[in-house]
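Trainee: Here are the chains, one letter per residue:
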Amino acid sequence: MKKSVSCLVLLLSILVLVGCNARPTLHIVNWGDYMDPDLIAQFEAEYHCKVNEKIATSNEAIASVLEASASPYDLAVPSEYMVQKLIDLGLVSPIDFSRLEHWENVTVFPELEALYTPMGIGDYVVPYAWGTIGILYNTQNHPEIGTLIAEEGWGALFDHTQQYNVGMYDSSRDAVAAALLYLGYSVNSEDVGQLALAEQALISGRFSWGEDLLRTSVISGNLDMALVYSGDFLSEYYLAEADGITIGFDYGVPEAGTNVWMDAFVLCSSSKNADLAYKFIDFFLQADHALPNYDYIGYAPCYTEYFQTMVTDYGYDLPVFDPYPQAAVRQMYVYGSDTRSQRVTQILANAKDED
Amino acid sequence: MNRLRRYSLPYLVWMGIFILIPTVVLLILAFSDLSLYRPGTFRLSLANFAIFSLPTTQRAIWNSFRFAGIAAAICFIIGYPVAFYLSKLGIRVRKILISLLIVPLWSNMLLRINAWEKIFTANSIVTDVFGLSISLVGTDAAIVLGMVAMYLPFMVFPIFSVLEKMDPKLVEAARDLGANDVQTFFRVVFPLSGGGVISGFVMTFLPALTTFVLPAYLGLGKYTLIGTLIESKFIKEAADSRALSINQGSLISLFLMILSITAFLLVIRVDKEGETLI
Amino acid sequence: MRKVLRDRLYKGIGLTFLAATLLILYAPILVILVLSVNDSRRGYAWEGFTLKWYSALFTGSALTEPILNTLAVAFTATAVATVLGTIFAIGINALEKKRRVKMVLLNNIPVVNPDIVTAISLMIVFSLLSLTFGFGTVLLAHIFFSMPYVILSILPALRKLDANLYEAGLDLGCSRGQAVTKVILPNIATGIFSGAMMAFTMSIDDFVITYFTSGANYMNVSTWLYSKLRLPQAFTPAAYAYNIIIFAVTIAVIVSSNLVNVRKERLKNEKIG
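Residue numbers (my numbering), protein chains in the order written: chain A, 548 to 902; chain B, 101 to 378; chain C, 57 to 329.
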């Protein structure tokens, strides 16, 4: 009996040791499939550390994770409007750009910078990737949806839910923005009447709701079209191309304009490894790592140099790869008032209900 | 023997920490505007109850009860005959069949739900390999069937364990007294297995009522259930303490706690020592 | 004659429902098996047979860490819950009836409580104690929710045990510890074993409680799946292979334990005969 007890104790201590980790750990809150794991492994080897990625599916979830004080995070990659809120909540610290060696070598798209600088987040962010929201549709079953988007714009998504199976992104900002765009209002509208109309549009359409589920559903033909992020389409497109699978889907951005979003590195105020965090950001600013990483994620780089290389050397020549072509109409989200945020959450809840 | 009693004391402390403390905190959160992550001063209020007046919440509660109720009923209709049949078999066969019912539970639940999603999808790998094309994803039926598939064994086990222990002499006695099969079953066997049936209902209904993975995968996100609501209050929307998400989530959790205590009282009326729970 | 027909009818109904149950339980596993040998990362369609996901499992993949995490917590939690659960069960069994019933009631609360309520309760306790969420909190949570099952399966064995045996052991010169280890434990070994099996089953397949108590540092197979199942690049079908291997091991364990039982019975019969 004594023997078995001591064996047990031994086993326990081994397991506990396995669970522990002596190396410093960098904690990141990130979106899924948003950084090349091979490059992360390379970073871990170079700096003798461990990188821990927590996957979130929405900006609201990223903020929730950071707010839950129980976990010390170092970095996060939220979108621009949520950065405003995170600053407000005191969850992020300003970036000391002098600690980023490779910051000098890159140029943020001026039109992008012009959008986010007035939001007051410039000192807190190192831009990572940007893109649009648009309509992913199945071309095998319904090639005509392309024409529909060209002719009716956002109406393609909202006016044909009886005829097609349509998916809507389960994220309050994006769903409400699509409805506001469809109605011809600003994506940041605080107008009670306009929001009520947007709510009506979302309620009267018969939508399926999902996050990453939407693209899989459209590609497999279970949905005919869905509101997605540009990168949802791009990553699936280039993955299918690499695997030599027939591509039976396409992505359309209505002529009337859309939202343009930017995801950026922010430094969490709870960070205990700021030094390592800077090195991590810098690692992904360096061309050797940035380029293969952008190739992995399929989203457009926020830096003109890398963007050009992706188009010329990596074959990212699809027109929709460019989030902000000349003369296009683009709006960026701002956090706005808390009342609006709550109202937008409520709209989504009500819309998902009406079945 | 009495000296061994003190061994139970630490357990009382342990359970106190993990059951009593959170219940008190949930109560405070539910009836105030206290912020869990930034605790400070707070005011007691009933404002969180507003969540129950929202159509979303009402619908989530209604849908959860409807789906879990139907699923538990289907589990009962399938599970009772199975448990009955198993209890009549020889010990060897019975053991093997019970193991066969347990083995699938070792497969990851998320993967099993994912597999059902593929089975219920008209155009999937299941269509390629088995020639099956069922289009159910995103419907009530998909969610209910998914619940049945996940929780059915938990209806069979408690009923079986009661039937197994039932004295066969009772059935013989009923026969001797002139009862036919149907009478014997409904007057003797079924009432005596009541404890197992109640445990079975609790063990299938409660998990079905509170799942949040199943509706997300099999319901195409069209259905908000109670579990979905709690997940989003605690995980997805918890950032803004002014929105009181966690407080509202706590209130809903408290509501679930009351439900499970009710279920618990039901179970202990028929089975004090919890023998039908495993 | 009528009785034979009727028996056959009952048997037929029983068999049909049993077959339906097995179909419902095994259909998804068949699908997982197909996905585990499908030569496609995404599993949208059948792309041909391969065993590469099985080899990926052993040569190291994104899944290695979650699998090790899952096993580490499952084994540790099972060991701790079994040892502590046995001690507590012996203590509870020694209480007088009224108190014993009360303790059993308390013990059963987490068994009946839905996972999500237990998960949120634990999350709140851990937040209040300002523990860093990770391996430690998950381990604590798993010990907490699996121990009641251990106690629940040991108690019946203890009740069958003659209370005087322990006293007899003491009278015969055992120390108190010896009386427990030499007299009580051997008699409840089956209960302890099945309790440990329950604890292990609960822990290895847990999703909800780990999801709410794991924070930044820890991912088990279930939480890994929940965040990666929909991602085209981060997901790997090695997860299906892992599941099939676990399934095969379970089947092997059950078959062999049945065989051992059969052999034991046969030996017993021979001795008697």
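Honestly, the hints are just simulated from the structure, not real lab data.
Fair warning: there could be bad hints in the mix.
Which bits of chain B does chain A cover? Going by a derived footprint, with three or more residues having C-beta under 8 Å, they are [to be verified]: (1) 150-156; (2) 251-262.
Computed cross-link-like contacts, SDA-like style, restricted to lysine to any residue with a CA-CA straight-line distance of at most 20 Å [as the list claims (entries may be wrong)]: (3) C/Lys154 - B/Lys322; (4) B/Lys195 - C/Ile307; (5) B/Lys195 - C/Lys153; (6) B/Lys322 - A/His836; (7) B/Lys322 - A/Met666; (8) C/Lys153 - B/Lys322; (9) A/Lys597 - A/Ser751; (10) C/Lys153 - C/Lys59; (11) C/Lys158 - B/Leu365; (12) C/Lys59 - B/Val271.
In this text, a Cβ means the ideal position worked out from N, Cα and C, and glycines have one as well.
Trainee: When you check the alpha-carbon spacing of lysine 59 of chain C and valine 271 of chain B, does it fall within 20 Å?
Mentor: holds, 16 Å
Trainee: CA of lysine 322 of chain B to CA of histidine 836 of chain A, is that 20 Å or under?
Mentor: It is violated: about 40 Å lies between the C-alpha atoms, which goes past 20 Å.
Trainee: For the stretch 150-156 of chain B, do at least 3 residues have a Cβ located nearer than 8 Å to some Cβ of chain A?
Mentor: It holds, with 3 qualifying residues against the three required.
Trainee: Do at least three Cβ atoms from the stretch 251-262 of chain B come closer than 8 Å to Cβ atoms of chain A?
Mentor: Since three or more residues must qualify, the claim that chain A covers the stretch 251-262 of chain B is violated, with 0 doing so at under 8 Å.
Trainee: Straight-line Cα separation of lysine 154 of chain C and lysine 322 of chain B no greater than 20 Å?
Mentor: Cα-Cα ~49 Å, so violated.
Trainee: Holds or violated: lysine 195 of chain B and isoleucine 307 of chain C, Cα atoms, limit 20 Å.
Mentor: holds, 13 Å
Trainee: Would you check the hint for lysine 195 of chain B and lysine 153 of chain C, treating anything up to 20 Å between C-alpha atoms as holding?
Mentor: Distance ~33 Å between lysine 195 of chain B and lysine 153 of chain C Cα, so the pair is violated.
Trainee: Take the C-alpha atoms of lysine 153 of chain C and lysine 322 of chain B, compute the straight-line distance between them, and say whether it is at most 20 Å.
Mentor: violated, 50 Å
Trainee: Measure nothing beyond the straight line between the CA atoms of lysine 153 of chain C and lysine 59 of chain C; if it is 20 Å or shorter, mark the hint as holding.
Mentor: violated, 47 Å
Trainee: Tell me if the straight-line CA distance from lysine 597 of chain A to serine 751 of chain A falls inside 20 Å.
Mentor: violated, 48 Å
Trainee: Holds or violated: lysine 322 of chain B and methionine 666 of chain A, Cα atoms, limit 20 Å.
Mentor: Violated: lysine 322 of chain B and methionine 666 of chain A sit about 35 Å apart, past 20 Å.
Trainee: Would the hint linking lysine 158 of chain C and leucine 365 of chain B be met if the CA-CA limit is 20 Å?
Mentor: Holds - the C-alpha atoms of leucine 365 of chain B and lysine 158 of chain C are around 13 Å apart, at most 20 Å.
When each numbered hint is compared with the structure, violations occur for hints 2, 3, 5, 6, 7, 8, 9, 10.
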